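Required output: the full structure, derived from the provided sequences and hints.
The listed protein sequences correspond, in order, to chains V and L. Take 1 as the starting number for the first sequence in the numbering used here and just add one per residue. Take 1 as the starting number for the second sequence in the numbering used here and just add one per residue.
Think of the hints as simulated: they come from the structure by calculation, not from any bench. On a predicted model such as this, the values are computed, not experimentally measured, just so you know. Hints should not be assumed to be uniformly reliable.
In silico SDA-like pairs for lysine to any residue, Cα to Cα no more than 20 Å straight-line [as the list claims (entries may be wrong)]:
id, chain 1, residue 1, chain 2, residue 2
1, L, Lys84, V, Ala173
2, L, Lys84, L, Phe98
3, L, Lys84, V, Ala40
Counterexamples of contact, computed for chain L against chain V with all Cβ distances above 10 Å [what the hints assert, rightly or not]:
id, residue
4, Asp28
5, Asp111
6, His190
7, Arg228
8, Pro242
For the chain V half of the interface with chain L, some residues (derived, Cβ under 8 Å), not all of them [what the hints assert, rightly or not]:
id, residue
9, Gly117
10, Val120
11, Arg121
12, Cys160
13, Phe161
14, Gly215
15, Arg216
16, Leu218
Glycine is no exception: its CB is placed at the ideal position from the N, C-alpha and C atoms.
The primary structure of each chain is shown beneath.
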Amino acid sequence: MDWFITPFSYGFMRHALLAGVLVSITCAIVGTFVVLRGLAFIGDAMAHGVLPGIAVSLLLGYPAILGAAVGTIIMISGIGLITQRSRLSSDTAIGLLFVGMLALGVVIVSRSTSFSGDLVRILFGELLGVDTQAILIQLGAAILIAVTVLVCTRPFLLLCFDPEQAQVAGFSARLYHYVMLGLIAITVIVSFRTVGTLLVFGMLLAPAGTAALLGRRLGAMMAWAVVFGTLSVYLGLLASYHFNIAAGAAVVLVAIATFFIVFLVQAIRGQRVRRLELRPPHE
Amino acid sequence: MKEQTRIDTSNQASNLGGTVCLHAQHLDIGYNHDTVVADINFELHTGQSLALVGTNGSGKSTLLKTMVGLQSPIRGDLTAFGRKPGSAPRRVAYLSQFHVSGFVLPLRTIDVVRMGRFPILGLLGRMSREDGELVTAAMRTMGIEKLADSPLWSLSGGQQQRTYIAQVLAHRADLIVLDEPTAGLDAAGHDVFSRAIRGELARGATVVVATHDIEDASTCDVLMLLARRVVAVGAGPEVLTPDLLLKTFGIQIPHH
Numbered sequence: 001m002d003w004f005i006t007p008f009s010y011g012f013m014r015h016a017l018l019a020g021v022l023v024s025i026t027c028a029i030v031g032t033f034v035v036l037r038g039l040a041f042i043g044d045a046m047a048h049g050v051l052p053g054i055a056v057s058l059l060l061g062y063p064a065i066l067g068a069a070v071g072t073i074i075m076i077s078g079i080g081l082i083t084q085r086s087r088l089s090s091d092t093a094i095g096l097l098f099v100g101m102l103a104l105g106v107v108i109v110s111r112s113t114s115f116s117g118d119l120v121r122i123l124f125g126e127l128l129g130v131d132t133q134a135i136l137i138q139l140g141a142a143i144l145i146a147v148t149v150l151v152c153t154r155p156f157l158l159l160c161f162d163p164e165q166a167q168v169a170g171f172s173a174r175l176y177h178y179v180m181l182g183l184i185a186i187t188v189i190v191s192f193r194t195v196g197t198l199l200v201f202g203m204l205l206a207p208a209g210t211a212a213l214l215g216r217r218l219g220a221m222m223a224w225a226v227v228f229g230t231l232s233v234y235l236g237l238l239a240s241y242h243f244n245i246a247a248g249a250a251v252v253l254v255a256i257a258t259f260f261i262v263f264l265v266q267a268i269r270g271q272r273v274r275r276l277e278l279r280p281p282h283e
Numbered sequence: 001m002k003e004q005t006r007i008d009t010s011n012q013a014s015n016l017g018g019t020v021c022l023h024a025q026h027l028d029i030g031y032n033h034d035t036v037v038a039d040i041n042f043e044l045h046t047g048q049s050l051a052l053v054g055t056n057g058s059g060k061s062t063l064l065k066t067m068v069g070l071q072s073p074i075r076g077d078l079t080a081f082g083r084k085p086g087s088a089p090r091r092v093a094y095l096s097q098f099h100v101s102g103f104v105l106p107l108r109t110i111d112v113v114r115m116g117r118f119p120i121l122g123l124l125g126r127m128s129r130e131d132g133e134l135v136t137a138a139m140r141t142m143g144i145e146k147l148a149d150s151p152l153w154s155l156s157g158g159q160q161q162r163t164y165i166a167q168v169l170a171h172r173a174d175l176i177v178l179d180e181p182t183a184g185l186d187a188a189g190h191d192v193f194s195r196a197i198r199g200e201l202a203r204g205a206t207v208v209v210a211t212h213d214i215e216d217a218s219t220c221d222v223l224m225l226l227a228r229r230v231v232a233v234g235a236g237p238e239v240l241t242p243d244l245l246l247k248t249f250g251i252q253i254p255h256h
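See below:
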């Protein structure tokens with residue numbers, strides 16, 4: 001029993017747990033829509049596109065969160081511009097944009113004296129080094145995102161269902177699409193300090209993806225995503241403490257392992273269940 | 001320039017005594033700058049039904065999208081309720097031809113039908129008991145009330161189509177615009193749909209349907225034959241002639 005509790009008698013572990021749980025709540029809510037709308041690639045692009053912004057602000061001595069914000073704004077406008085000219089394959093263009101931003105970020109960071117240290121910190125975060133301020137920012141973001149999603153549930157649902165349907169129903173498909181991208185951006189901006197830009201993407205996708213396999217309703221899916229995310233944070237931190245491995249990466253690995261375990265269990269058992277479901281309760 | 005058979009529908013309309021619901025004048029429709037159909041003229045009165053008949057790519061869907069404001073007219077005028085299309089979402093329901101695969105969406109049948117009330121409720125309006133009753137009634141009309149709690153992905157194609165139609169019915173819109181609504185429906189589903197549309201017309205709604213089913217179309221007050229141009233507009237018997245159908249479909253329609 002001690003094995004599961006003792007690590008959290010340390011302040012830095014409690015901070016990490018608290019920050020991690022807040023990250024997983026934020027990522028669960030936003031990730032649900034990322035999974036349902038198939039925005040994984042855009043989320044990925046955004047998570048990596050922030051790198052040059054962070055790098056510049058580190059070099060110039062500004063808060064990294066400011067640079068991350070500028071980075072995501074550039075990414076959102078870039079993606080918006082690309083998707084409007086849809087004759088160009090947007091996959092290719094968005095891919096190039098984000099690899100370009102990533103490379104630019106590395107180029108900028110390489111000017112820094114502590115190149116690899118900075119890069120690792122940006123990509124994988126410092127879950128074991130979060131301070132109270134970071135936790136408060138994370139908490140603020142979680143509340144902002146939860147309230148926004150609560151208010152926008154209907155247009156978001158319609159967007160998942162059919163963007164044209166949303167438009168005809170009087171909810172601007174474009175406006176709410178950008179609100180959704182904005183929520184992804186906020187998640188990335190506030191989460192990169194804890195889990196890093198590379199791993200925040202994993203936390204956006206894995207718990208929500210696992211939940212998509214189980215949830216029958218939107219609310220249930222989000223709740224499952226929070227459960228899986230929180231569980232991953234807890235188990236990941238335990239593993240990190242006991243086996244002396246990188247905390248952020250351990251958390252994401254647990255989240256992704258959970259996805260594949262649930263996926264496999266469903267693939268083996270699910271066929272039977274699904275066949276039962278497929279028989280409609282005919283009159 | 002282009003030959004066009006136009007049959008005057010104004011007599012019929014004034015007999016019904018309705019106000020103008022849809023009005024098109026020298027309307028060119030299309031995407032960006034590619035005109036799909038040029039110079040469309042028609043008037044549809046409240047409570048009437050209009051069928052757009054033509055093959056795939058004839059311009060049916062483009063005209064429907066223009067009517068609901070998803071697509072801007074390239075030239076000319078189109079008004080719905082005397083205003084720009086898309087400016088009265090509470091009054092207009094639209095069923096598009098293609099749906100995003102409901103496979104991954106965590107929605108039950110009833111959740112999908114409830115979406116039909118969203119235009120009325122807006123962002124934060126509470127779903128009242130009356131809303132709930134309209135949702136239940138729509139599902140009963142389409143014969144899917146027993147599937148209410150089933151996940152959307154577990155339904156057959158026909159049952160999903162019935163669900164989407166039920167969503168439109170739950171809206172209680174003044175103008176109902178349907179793109180190929182009977183695609184994927186079996187004979188029983190087809191009957192259920194026809195009855196539902198008669199019900200909507202009976203309560204005073206205006207209905208526009210795109211179809212290539214001539215029998216469906218012949219029950220409408222006004223027909224428009226499209227083949228990337230307006231071949232003819234008018235009442236069924238005047239428009240459904242072998243000659244005009246040949247021009248629309250490019251093939252000979254066998255006589256029964």
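message: Run the distance test for L:Lys84 versus L:Phe98: straight-line Cα separation, threshold 20 Å.
response: Status violated; Cα separation ~25 Å.
message: If I take the minimum Cβ distance from L:Arg228 to any residue of chain V, is it greater than 10 Å?
response: holds (21 Å)
- prompt: Do the numbers back the hint for V:Val120, that is, is its least Cβ distance to chain L under 8 Å?
  reply: violated (35 Å)
Assertion that L:His190 lies outside the chain V interface [Cβ separation over 10 Å]: holds (18 Å)
- request: Using 8 Å as the Cβ threshold, decide whether V:Arg216 counts as touching chain L.
  value: Constraint on V:Arg216 satisfied, holds at 6 Å.
- prompt: Would L:Asp28 pass as off the interface with chain V, using Cβ distances and a cut of 10 Å?
  reply: holds (21 Å)
query: Would the hint on V:Phe161 stand, with a C-beta cut-off of 8 Å toward chain L?
result: Constraint on V:Phe161 satisfied, holds at 6 Å.
message: Against the 20 Å threshold, does the CA-CA distance of L:Lys84 and V:Ala40 hold or violate the hint?
response: violated (36 Å)
field: chain L contact restraint on V:Cys160 - CB to CB distance below 8 Å
entry: holds (6 Å)
Check on L:Asp111 being off the interface with chain V, judged by Cβ distance over 10 Å: About 7 Å separates L:Asp111 from the closest Cβ of chain V, which leaves it inside 10 Å; violated.
Restraint status (C-alpha distance of L:Lys84 to V:Ala173 at most 20 Å): holds (18 Å)
task: For the hint on V:Arg121, just tell me whether its beta-carbon gets within less than 8 Å of chain L.
output: violated (35 Å)
The structure fails to meet hints 2, 3, 5, 9, 10 and 11 from the earlier list, while all remaining hints are met.
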